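Residue numbers (this note's numbering), protein chains in the order written: chain G, 1 to 302; chain L, 1 to 302; chain P, 1 to 302; chain R, 1 to 302.
Be aware that a few hints might be false.
Because identical chains cannot be distinguished in the list, a pair is counted as satisfied if it fits within a single copy or across any two copies.
[What the hints assert, rightly or not] Taking lysine-lysine and the PhoX-like style, the derived pairs with C-alpha atoms no more than 20 Å apart in a straight line are:
hint : residue 1 : residue 2
1    : Lys240    : Lys120
2    : Lys240    : Lys192
3    : Lys192    : Lys247
These are computed hints drawn from the structure, not numbers from a lab.
Keep in mind the model is a prediction, meaning the values are calculated, not measured.
Protein chains: 4
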Amino acid sequence: MKYIGLHFNLFPLRGVIGYLVTPFRVEGTPDLGRLTDLVNHLIEQGVHGIAPLGSTGESAYLSRKEWADVARTTVEATGQRVPVIVGASALTTADTVDMCRTAEDLGADAVMVLPISYWKLTDDEIFQHYHAISDAIDIPIMAYNNPATAGVDMSPELLWRMVRDIENVTMVKESSGDIQRMHALHLLSNGKLPFFNGCNPLALEAFAAGAHGWCTAAPNLIGKEVANLWNAVESNDFRKARDLFLKQLPVLSFILSGGLPATVKAGLALMGKPSGVPRLPLHPLGEDDARTLAHLLSNLSS
Amino acid sequence: MKYIGLHFNLFPLRGVIGYLVTPFRVEGTPDLGRLTDLVNHLIEQGVHGIAPLGSTGESAYLSRKEWADVARTTVEATGQRVPVIVGASALTTADTVDMCRTAEDLGADAVMVLPISYWKLTDDEIFQHYHAISDAIDIPIMAYNNPATAGVDMSPELLWRMVRDIENVTMVKESSGDIQRMHALHLLSNGKLPFFNGCNPLALEAFAAGAHGWCTAAPNLIGKEVANLWNAVESNDFRKARDLFLKQLPVLSFILSGGLPATVKAGLALMGKPSGVPRLPLHPLGEDDARTLAHLLSNLSS
Amino acid sequence: MKYIGLHFNLFPLRGVIGYLVTPFRVEGTPDLGRLTDLVNHLIEQGVHGIAPLGSTGESAYLSRKEWADVARTTVEATGQRVPVIVGASALTTADTVDMCRTAEDLGADAVMVLPISYWKLTDDEIFQHYHAISDAIDIPIMAYNNPATAGVDMSPELLWRMVRDIENVTMVKESSGDIQRMHALHLLSNGKLPFFNGCNPLALEAFAAGAHGWCTAAPNLIGKEVANLWNAVESNDFRKARDLFLKQLPVLSFILSGGLPATVKAGLALMGKPSGVPRLPLHPLGEDDARTLAHLLSNLSS
Amino acid sequence: MKYIGLHFNLFPLRGVIGYLVTPFRVEGTPDLGRLTDLVNHLIEQGVHGIAPLGSTGESAYLSRKEWADVARTTVEATGQRVPVIVGASALTTADTVDMCRTAEDLGADAVMVLPISYWKLTDDEIFQHYHAISDAIDIPIMAYNNPATAGVDMSPELLWRMVRDIENVTMVKESSGDIQRMHALHLLSNGKLPFFNGCNPLALEAFAAGAHGWCTAAPNLIGKEVANLWNAVESNDFRKARDLFLKQLPVLSFILSGGLPATVKAGLALMGKPSGVPRLPLHPLGEDDARTLAHLLSNLSS
């Protein structure tokens, strides 16, 4: 097991990693000023890391230039207050390597790489893909498993093999929603592999199972509640954590089921931080759903 | 919501419910003497309830007379030290009603009913099935969801509707292994529905999520470890609970993946409590697997 | 490959195998007089074999005595006009062996055996189960794969191994609805394994793929249409077969999706052959669905 | 239902649509000379349409310029001998519209559009996506359902609604491998919707079910066998079609299971038409698999 975290003095990473939306102007281009506001907003909520250009950030729908603009702006706006983990995923290995190099050049503290696929990839193809990326950069890689969006599912065995054998693959984000994957990662690595949970409705149990952190867009909308949950977990008070989690669970479930870009953007608009709508073919949240979201948020704060 | 637990002064039920195997003699008939020993063994491990004739007990493979013999012997051997929840499930409603009446007559404190199916059942068919059973008895019914063995999956919505609207359906055992079902039961019932976890590798997280108890055959083999885990949970020390759980997880996973009757019987043989082999077409644990089990158990106690 | 069909001069079996419901009297007991009528009705429709006590026949919901009564009556009513294939499946190997012996004693030409399960069975457990049955009887066994009702799925590899290596396992009924299983059976056996299709909406394609026959309850309701389809297939006129199949497909799909016992019994009532209702927990067809069925049948005959 | 096929005098399309690989030079760029050879090769095999830039053509892994080069070269090489259907799919609606316009400008006779997704799309999002494309062009659109690669599954109901209500969506390619989808398309459209099969091991049954054609890369390697199968189908000789199909099925299954770009390129190399290797992260066919492919092809031609 490699030492993790020489690059940034806030590593090894633990806690809540806040995921950004990519705000768009009315004409459809990224609104970098609003993005800076959102970075500040997330840090004020107490997140322990900032992650642009993930699933929430509509990374897959941006041009390469837009992607770089968002990465650059996020790094600058964060100003090393917390680590920045930049999502960098493309269908070809060559494009992914290029994006990861760019992220490093722009000052990212780590990259998060999802093996998005058209043709299903074999374990060996995935391994070599991550190896090529690792060889090209000098910052940590978070291997991100999200079969629902990537179209390919990485087993705990493969994930552990990559962390063990590929220099810069140092941590895992598990978004499959299957707690047994986390158990398997623990047992395979004898507890040495730092894994993060990326499934909102599993936050409580992932912490119970030993997750190093929670990768989530929820702090955009309910930062205080998320911070309280983390603090209860940190103080090993799981009865309190359960109460806090179950109270916020309707919001966590809703923003996931409605699609994170659409629901988080709708919630930000409700909070006076309008960030535009998702890019087509994605639709914005419908009016009924927006009312439901307003109702759920209002319930939570009352 | 009905009051739960007038029947037996140890209700409302909480804690570890220990599931019995049905021991067989060499010639294949139930060994009721050995069964009495196993009841005592489980109670000595500190279980808070005893459950004969579940999946572990090969209930589905017994004749009606054998089933009644096992139920009677278990109730007598338990002697009201803890509640006895008798598994009672048949393909027809008429047979299930008969079995539940018999269980009540024999002194069971509750029955656990699984909607085993040949043709898939609709929600309405399942509801009426449980209603007919409830109308016939005066003891609590634990609605048992285990799609892998029953062939039918009961949604949290259906389970909550049955607990709310059917007199004697007062608790749920969830064995689907999906923690989100437990969250849904909590949210639907506003926290009022007592649910039990029946999936061994989910024990830690089910407690985190608020399960009233753990239905498990593990105390047959690792009673002390299971009791320690429960005590850590009861004292809200989830860091300790996690360590204890992850240490026993290899055993919990192994006895599930190998088939509970075969693996638990193999483990009991290793412990000097031979209980015969499962009934055909089920095979006993193979030699290699038996060695693995011995190794896992020995690791745990060292 | 063994020679198939010494037992009955109508073997090797080909064509349409008609599946019987088990008619019940108002008080719930099997109506053996009506059963005799239904046997005659099916044979008049031109079926090439008669199959009582399958899924359609609610075999799983009958007592052992009822099961034997239905088997005996069917064999007697058929009077060797066509072969009789008796469904004989139980959870334990011992019970299944007993049933198959009884079927043979009662004059069945073959038995159809489904590996119904509670605990999932391994391939080896299934193989030994069929082997024990084969050792006990001297009539052919149709290995029946229907994962939706049995709870266990037999791969083409396992099915072929059983036909090759177990004396009396001589044919396969595939009801998984996956045409690729039929291709695999063909390729594995070099075209020697006779397979029958048990999925109504796949009838056309199974014939295209070389199925020896179609196991179906449809002739109870639309005997002429089924016979016409078979005749078109036999004369290698697949354009005509397609037209006939697509015309009857709405009925075939409806009787499957509504549950065969409920829908076929509702249809028989519409035809003046009332056969009672399915046994609880199964419900009879609702009024709206019964009207839909009447409409579909009327469309077809017009 | 709109009239289909004013654009090209070979419409309405029927028969075998041959899918091209995108050949790469050693240095990794598209080899447009080899591509021209492959177009001629396919047309010599008797295909009724040519399709570049599908799944086989690694369309998802090309830059926009490479994609346009391949489209242009294919149209020119085909020279209106048969229709050209250009694959044009991107994550955003805007990019897909641009690609479809380009395809039309380059002389494509139709476009094939797959709703590739990152976030799952709702039916409404998909409908609007196709509507926007249709509004931008004047050539037919083949709606392509392939959930395994697209990450989103279009129901027969949605497909039929699009063909009915969107001007230029005039045909469907179904690659889910589920024959019941084709039946549903037939029943919903009263037989008016022209559907094509895109699942090689389903070719025989799709023709039985009334498919207008077969979209396949197989003619690259076994053009004569594919043509013979089509001819048997056209002459309504399904016994002959079955024999031909089952003989070529091992090849059809192998090239699908090994990944079409890798296996077809390996086969072309065996035939003296080397076309390079797939683009990373996709790996070329391994040596053992290449030997198996050689063996299967040699068996077929002997």
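Hints, one by one, checked against the model:
Taking the shortest Cα distances, Lys240 and Lys120 never come within 20 Å of each other, neither inside one copy (42 Å) nor across copies (35 Å). When the C-alpha separation of Lys240 and Lys192 is checked against a cutoff of 20 Å, the pair qualifies only between copies, where the shortest distance is 18 Å, while the shortest distance within a copy is 28 Å. Taking the shortest alpha-carbon separations for Lys192 and Lys247, only the inter-copy value of 15 Å comes in at or below 20 Å, while the best intra-copy value is 32 Å.
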